[in-house]
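Colleague: One letter stands for each residue in the lines below.
There are 6 protein chains.
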Amino acid sequence: MSETRTALVISAHAADFVWRAGGAIALHASRGYEVTIVCLSYGERGESAKLWKQDGMTLDRVKAARKAEAENAAAALGVGDIRFFDLGDYPLELDRDAKFRLVDVIREVQPAFMMSHSHYDPYNTDHMYTTQVALECRMIAQAWGHNPGEKVLGAPQLYLFEPHQTEQMGWKPDVFLDISPVWDRKKAAIECMEGQEHLWRYYTNAAENRGNHFRRNSGGMAGGRKATHAEGFQRVFPITVDELT
Amino acid sequence: MSETRTALVISAHAADFVWRAGGAIALHASRGYEVTIVCLSYGERGESAKLWKQDGMTLDRVKAARKAEAENAAAALGVGDIRFFDLGDYPLELDRDAKFRLVDVIREVQPAFMMSHSHYDPYNTDHMYTTQVALECRMIAQAWGHNPGEKVLGAPQLYLFEPHQTEQMGWKPDVFLDISPVWDRKKAAIECMEGQEHLWRYYTNAAENRGNHFRRNSGGMAGGRKATHAEGFQRVFPITVDELT
Amino acid sequence: MSETRTALVISAHAADFVWRAGGAIALHASRGYEVTIVCLSYGERGESAKLWKQDGMTLDRVKAARKAEAENAAAALGVGDIRFFDLGDYPLELDRDAKFRLVDVIREVQPAFMMSHSHYDPYNTDHMYTTQVALECRMIAQAWGHNPGEKVLGAPQLYLFEPHQTEQMGWKPDVFLDISPVWDRKKAAIECMEGQEHLWRYYTNAAENRGNHFRRNSGGMAGGRKATHAEGFQRVFPITVDELT
Amino acid sequence: MSETRTALVISAHAADFVWRAGGAIALHASRGYEVTIVCLSYGERGESAKLWKQDGMTLDRVKAARKAEAENAAAALGVGDIRFFDLGDYPLELDRDAKFRLVDVIREVQPAFMMSHSHYDPYNTDHMYTTQVALECRMIAQAWGHNPGEKVLGAPQLYLFEPHQTEQMGWKPDVFLDISPVWDRKKAAIECMEGQEHLWRYYTNAAENRGNHFRRNSGGMAGGRKATHAEGFQRVFPITVDELT
Amino acid sequence: MSETRTALVISAHAADFVWRAGGAIALHASRGYEVTIVCLSYGERGESAKLWKQDGMTLDRVKAARKAEAENAAAALGVGDIRFFDLGDYPLELDRDAKFRLVDVIREVQPAFMMSHSHYDPYNTDHMYTTQVALECRMIAQAWGHNPGEKVLGAPQLYLFEPHQTEQMGWKPDVFLDISPVWDRKKAAIECMEGQEHLWRYYTNAAENRGNHFRRNSGGMAGGRKATHAEGFQRVFPITVDELT
Amino acid sequence: MSETRTALVISAHAADFVWRAGGAIALHASRGYEVTIVCLSYGERGESAKLWKQDGMTLDRVKAARKAEAENAAAALGVGDIRFFDLGDYPLELDRDAKFRLVDVIREVQPAFMMSHSHYDPYNTDHMYTTQVALECRMIAQAWGHNPGEKVLGAPQLYLFEPHQTEQMGWKPDVFLDISPVWDRKKAAIECMEGQEHLWRYYTNAAENRGNHFRRNSGGMAGGRKATHAEGFQRVFPITVDELT
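Residue numbers (the working numbering), protein chains in the order written: chain A, 210 to 454; chain B, 210 to 454; chain C, 210 to 454; chain D, 210 to 454; chain E, 210 to 454; chain F, 210 to 454.
I should point out that these hints are in silico values taken from the structure, not numbers from a laboratory. The reader is advised that the hints may include incorrect statements.
Identical chains share a label here; the pair holds if one copy fits it or two copies do between them.
[Said to hold, decoys possible] Straight-line C-alpha distance at most 20 Å; calculated EDC-like pairs for lysine to aspartate or glutamate:
1) Lys435 with Glu452
2) Lys259 with Glu359
3) Lys381 with Glu452
4) Lys396 with Glu417
5) Lys396 with Glu317
6) Lys308 with Glu280
7) Lys360 with Asp264
8) Lys262 with Glu452
9) Lys259 with Asp451
10) Lys360 with Asp295
11) Lys308 with Asp269
12) Lys381 with Asp295
13) Lys381 with Glu406
14) Lys262 with Glu359
Fair warning: this is a prediction, and the values are worked out from it, not measured in the lab.
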């Protein structure tokens, strides 16, 4: 086990990681983290409207297109390790084997932190289901009796990334991350999502406004740092520190 | 303005800071922080039952005893700057002048972080009132039009320290601080509170159990750090970071 | 697709729609809506105590009796389209096929609005499970890749109708509907529920008291409308308007 | 009393109504509503940093500048009736006389709906205090024994307009209003706020993203309306209707 | 100090105790409790619409009428000790002296339990203010330094009685009290409130439906007790027991 | 059916009942209750780290060791009726047959009250799943149509016992039980858990501090009872009473 720090992003559908955590991914990748992205599905049924409006579209072609977009986006973010579980969407369901497959990845990666969706999402039950599964698999990965002999998981934080329509999801960010240094990478990744062009401007606006929140919470008019773009995250677990800041 | 980092603890009654934040105070003092403690009242009416049970007790004698205890406790924690506003308790009330006096301290100290009570406390309305006032005065201290020319406040975090009966207060810690290195100091400070000996064991137990929470959240069986004592805090504001941990 | 407006009520057990949404159903039916009611089960095991106390009762006889009552109630409300999924109750469970069957109905109906149970119900887990399924199936019905070529669903509101013991369920109505013009129909439908006569008075009282809430919120002593009976609903989703009222 | 419909916006500081409700104000004004705006203070101490950074600035000059900006913004929104209570800010405080003055305005206006700030705001206690006062004064305006003989208030809705950093305030919009037809007016009003130019882009982004939420909740890919800009509001009280939508 | 058990009801306006706690009052009075009722105001401005609609009405005449009604209602409930603080309403305000007057009553009564309004009430800020004051005065009554030498208060429960429109207030009952034996007394007390006849039926319905909740929670179809009328209450504090039930 | 009162504790893993409810179990057993404990799993995979660290450990040996410990602990608490469902852990899953097996036990025991875990636990999804199943099975046990002819369940309370890190779970105790008379038994039971010795001190501290809460809530300095140890519980359902206390 090298000293390289690692992170694991669990995305319900192929594109979720881009809008919601692209900046965090690019930033940590640029700092030497090995980031692994797991897409549980391609979002092929529920998040590919533009493709389905084309004549003669098939499920396999949609999956292939979505996969290519996600791989391109990951590359734009500086990540090579993206894995597709191809479990289907709308609804997404994981049986025990699929969960253990995810546990295997968690143990392999031994992430310093994990990321997934908000706790609640009445618009998209796949999202909240994914978070529930992420917590369950984190627990299993910590069990000394699961595949005894493997290295068990410690207690990595689970960050909930920003959902669409945050207030409807009861999501409250308690951490703002300055992504100004990698905004161009996130922008490039966003533009890989050709099927969802209607969201490009939306998440650009969101990143700028989170930059405002970063400035406000780092001191505002009296010393706030000039971040231009940021992302917000909600922690599930308390943190442990040696000093308050 | 030197490079010394500073912190400000706002305590409704003279002893509150000891039980609830004594470890954080001693730890940051030991690291070179200049910590200022403001006691809005002595807790002379409501938190001095043992003294009042003595024959011939007077309000002035209670105040003097409480003041001495608090000064001793502060000294035990390594803090020399403790200020008594003597505003009365049960109920504690701050008029505009008293609030501006607190604003003056906030601006003078320019704290890296502030501390006060939980948002809610049906047992002790002085506690929740203090937090409300702390937020109001933090806001005033940020106003460029309040005593123009003074250095305005940035955006320091407000940490809510642990109340008695945490669950009844809706208080949820999101930060655990390892106070093992200074536990002996907190213990010494606790033992300065001669009038409330029934609480010594209580807060010793609490610190040990928060140590358990620290170990659990820093990795548990698979790498958790061996903190023996800890304190928990709830942040009011989101934080701004350059990297997730 | 005609211009007729439609509505869809998803009821865990055969009688739920009567007590909780009978007024809304009758009112919209009287205004020309085509209302479809889906009963996922008959409530044959858990909500038919009176029948089971009879000698020689069988599951089939209970189901038949419950079905007849529900059909009569629907007719009394002016609704002909009531569908029984017969999925069993206590506990109610939907597999993927059953969910897709519900999706088919949603797409067929293309409802202007949907109705179901409260989010939470510790007394009756079938109720909260039904709402969870309703949200999941609403999402699937919106997926362009589910049965491509079918008309996908827009974004109909999901109204949560009034549970028993509202405060225990965390249910909070944000809409009161005046059902005075159709109270006689709801009363007739209630009286079709011969097996649950102990609830007739209860829901009559409830409708009268909701009428009071209607009057109070439409202006009270200073202009409130004289509704005699009302029903309350909680919206899951925000609404979109051209003007505030 | 004519048939003209009216609305009342209660703003803690002079500029709040622009960022948070400028679209709703312009839209209803354009539809013939008589909109009245009450600014309880000018925000002269706490929200005028740019002015205070100028040499030789005085409180009176700040107030005059803020007043002019607010009047210009109101005019840009099509509103002539803007009233300044000049009660001071940071902290804002209303004594009984000031509350009764606000009650007088409420009764004079007899608003079809009212608007004010979010319930909670730890960054800005003036904001949450204003909403508390708005509720208290709404109640007094309903009292038949307050200035007997005057027309008492009915039960107008209180809309809570969008705060900065919505998630930190626990604010959840349940109504989205399409402000596309008047976006140019809101933009013009925003640009009247010369002292807070750092917020222009922020609220432009916010209006665009709320437009996305409008489209999503009015039907999304399957029929959503092409609103370009929107505003969100949270209702305090349930509504009363004759039909569900 | 005799062995008689005592209770204290704190009512914002003269009639509140009747609708919300009349059954509890009559029941405990009938069991030998000495119940004291404090009406902080007569509700003369805000809850006497019917009186104010009469020609030539004056504040003094309204107060006298409200006082007579409340005394009659108390007598009907079997209570002789009703005290009127006459502090004014809409808004109700207590200065320090008024609070200490309430503390005096609390200490004099030494209640086994206290009762007051719900924590939250956006329709009626007097109600929530009263509960806030009740908690503050309970705390002061517990202070050994307040009027040293007086018997200090123990830790009586504070029951929050049922508000109008419970769900809007976030009020959740955790105790149902069977008031069947004294329903006739509550009914008689209700009918003393001649100025609010529009509420008689409402609270009769409510009492019947709470009876249903009592039956349901005491065993339902399988052993529930046949209570005909009940009242619900929410406890503020945890209870201490020797055995679970 | 004898007059003996009964209680049922549903424990996700073999040791949970000891830490969380050992005092309540011993106390009620000592008062003649017949207490039944169901362990849904042994906690063999996820809560047996110490055992798994031994060379050559197998799943069967872990189960056997955990079973022996749990039986010893139950005996120490005075309980002979402990049942092991052996359903597996991390994750725990109950199919319909397993649920019906639990329903059978509930009906057989006819508990005066039930106990299980907190509603929420992001660290341990087995715990919250168990509570969800407990509610579902309680509902099924109440159904007259489930195994007609059997005695159906009434409406026993479900007590949620204390989780680890209470504040993270949103658990709020509303009942404190004095376990001083049986503390020695709980201590003995705790010490049967040889594999989790790191928790002995933790739960001793917790019991002492809950004793403090008991004293505070039973009267504090002015009459509180001198309980040395206590346990806290959260009720799911409201209670029904004849008198308030």
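Colleague: Taking the hints in turn, state whether each one holds.
Modeller: Status of the hints after comparison with the structure:
1. Lys435 with Glu452: between (25 Å within a copy, 16 Å between copies)
2. Lys259 with Glu359: Cα proximity of Lys259 and Glu359: across copies only (15 Å, versus 44 Å in one copy).
3. Lys381 with Glu452: between (24 Å within a copy, 19 Å between copies)
4. Lys396 with Glu417: both (12 Å within a copy, 18 Å between copies)
5. Lys396 with Glu317: Neither: 30 Å inside a copy, 40 Å across copies.
6. Lys308 with Glu280: neither (23 Å within a copy, 32 Å between copies)
7. Lys360 with Asp264: between (50 Å within a copy, 15 Å between copies)
8. Lys262 with Glu452: Classified as neither; 55 Å inside a copy, 33 Å across copies.
9. Lys259 with Asp451: neither (50 Å within a copy, 28 Å between copies)
10. Lys360 with Asp295: Classified as neither; 26 Å inside a copy, 26 Å across copies.
11. Lys308 with Asp269: neither (24 Å within a copy, 23 Å between copies)
12. Lys381 with Asp295: neither (30 Å within a copy, 35 Å between copies)
13. Lys381 with Glu406: neither (26 Å within a copy, 27 Å between copies)
14. Lys262 with Glu359: between (47 Å within a copy, 12 Å between copies)
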